[in-house]
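Let the hints inform the model, and build the full structure from the sequences given.
Residue numbers (our numbering), protein chains in the order written: chain A, 1 to 136; chain B, 1 to 136.
Since the hints were derived computationally from the structure, they do not count as laboratory data.
Fair warning: there could be bad hints in the mix.
The list cannot tell twin chains apart, which means a pair is met if one copy fits it or any two copies do.
Lysine to aspartate or glutamate pairs mimicking EDC-like chemistry, simulated, CA-CA at most 20 angstroms apart [as the list claims (entries may be wrong)]:
id, residue 1, residue 2
1, K64, E46
2, K76, E53
3, K16, E46
4, K3, D49
5, K4, E22
6, K4, D128
7, K124, D36
8, K78, D49
9, K78, E53
10, K4, D49
11, K64, E53
12, K71, E53
13, K64, E22
14, K32, E125
Protein chains: 2
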Amino acid sequence: MMKKKDCIFCDDEQIKATMIFEDAQCKVILDKFPTDKGHMLVISNEHYDNMLEAPDTAVTHMYKIAKRYGKLAMMKLKSDGMTITTNIGRSAGQIVMHFHIHIIPRYDQKDPSYDFGSHREISKEQRDNLLNMFKE
Amino acid sequence: MMKKKDCIFCDDEQIKATMIFEDAQCKVILDKFPTDKGHMLVISNEHYDNMLEAPDTAVTHMYKIAKRYGKLAMMKLKSDGMTITTNIGRSAGQIVMHFHIHIIPRYDQKDPSYDFGSHREISKEQRDNLLNMFKE
Numbered sequence: 001m002m003k004k005k006d007c008i009f010c011d012d013e014q015i016k017a018t019m020i021f022e023d024a025q026c027k028v029i030l031d032k033f034p035t036d037k038g039h040m041l042v043i044s045n046e047h048y049d050n051m052l053e054a055p056d057t058a059v060t061h062m063y064k065i066a067k068r069y070g071k072l073a074m075m076k077l078k079s080d081g082m083t084i085t086t087n088i089g090r091s092a093g094q095i096v097m098h099f100h101i102h103i104i105p106r107y108d109q110k111d112p113s114y115d116f117g118s119h120r121e122i123s124k125e126q127r128d129n130l131l132n133m134f135k136e
Numbered sequence: 001m002m003k004k005k006d007c008i009f010c011d012d013e014q015i016k017a018t019m020i021f022e023d024a025q026c027k028v029i030l031d032k033f034p035t036d037k038g039h040m041l042v043i044s045n046e047h048y049d050n051m052l053e054a055p056d057t058a059v060t061h062m063y064k065i066a067k068r069y070g071k072l073a074m075m076k077l078k079s080d081g082m083t084i085t086t087n088i089g090r091s092a093g094q095i096v097m098h099f100h101i102h103i104i105p106r107y108d109q110k111d112p113s114y115d116f117g118s119h120r121e122i123s124k125e126q127r128d129n130l131l132n133m134f135k136e
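Dropping the structure here:
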């Protein structure tokens, strides 16, 4: 397993508190700084700097998982839409240089408790509610 | 082949002027209203309203193609980054209700000729330059 030192998405200890799903290739975690309610990330187990650096097998598997959790989020959170996106490079807004796919539920009516700018951390209560909803 | 009446992405005549690539499952076309230079779309040949409605086989194939053209765009356009995204539903900004993946090159220095808001159409010259660059 290829891991990178000082990469927060390579550090299993750091992410296990918000982990929803794990298999041999990837994990699904809650974004600690959600853009909207239910914002999740699919992250690769191996370290790749971004989607273009990952092998096709990882890319295709992770998008299947993104689709599965996107559908689950539509149902469980009754969201009206969804953005499924990956950023490659700082000019595209990538912050953690480890391949991850954002799953961002969208709502016609935004939940006020999530109506904050970026860089505000999810509360423990919000986190635990979502973990209970999505953990299998 | 499942097509939908009055869907512009089901209308092969409308999109062939900006088509870069085609295979049994999908096409790559230039976005007529590019967010930035080299903005392309991977669109499914069959009609699915969005990514969550498409079968896994179409999803995984189309993301492989998105990765291929994302890498090509990084090389040929010397972009600094890339956004690879799909919108599901109007609340996420989806305009054409036919599954498509955006490939949007990002630049530290934006090309001034592409520095316009949305809803301005690509010029014929810009289109032909890009078609020459990407068509195989």
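Here is what the structure says about each hint:
Taking the closest pair of Cα atoms, K64 and E46 come within 20 angstroms of each other both inside a single copy (17 angstroms) and across two copies (18 angstroms). Within a single copy, K76 and E53 get their C-alpha atoms only as close as 33 angstroms, which misses the 20 angstroms cut-off; across copies the closest is 17 angstroms, which meets it. For the homomeric pair K16 and E46, the shortest alpha-carbon distance inside one copy (16 angstroms) is at most 20 angstroms, but the shortest distance between copies (39 angstroms) is not. Within a single copy, K3 and D49 get their C-alpha atoms as close as 11 angstroms, which meets the 20 angstroms cut-off; across copies the closest is 38 angstroms, which misses it.
In this assembly of identical chains, K4 and E22 lie within 20 angstroms of each other by CA distance solely inside one copy; the values are 19 angstroms within and 37 angstroms between copies. In this assembly of identical chains, K4 and D128 lie within 20 angstroms of each other by CA distance neither inside one copy nor across copies; the values are 29 angstroms within and 42 angstroms between. Proximity of K124 and D36 under a CA criterion of 20 angstroms is satisfied intra-copy only: 16 angstroms inside one chain copy versus 39 angstroms between copies. In this assembly of identical chains, K78 and D49 lie within 20 angstroms of each other by CA distance solely across copies; the values are 18 angstroms between and 33 angstroms within a copy.
In this assembly of identical chains, K78 and E53 lie within 20 angstroms of each other by CA distance solely across copies; the values are 16 angstroms between and 34 angstroms within a copy. Taking the shortest Cα distances, K4 and D49 sit within 20 angstroms of each other inside one copy (10 angstroms), while across copies they are farther apart (39 angstroms). Taking CA atoms no more than 20 angstroms apart as the test, K64 paired with E53 passes in both settings, with 18 angstroms inside one copy and 12 angstroms between copies. Only between protomers do K71 and E53 lie at most 20 angstroms apart by alpha-carbon distance; the minimum there is 9 angstroms, versus 27 angstroms within a single protomer.
Taking identical chains as interchangeable, the C-alpha atoms of K64 and E22 lie at most 20 angstroms apart only when both belong to the same chain, with a minimum of 13 angstroms there against 22 angstroms between chains. In this assembly of identical chains, K32 and E125 lie within 20 angstroms of each other by CA distance solely inside one copy; the values are 12 angstroms within and 44 angstroms between copies.
In summary, the structure is inconsistent with hint 6 from the numbered list given earlier, while agreeing with all the others.
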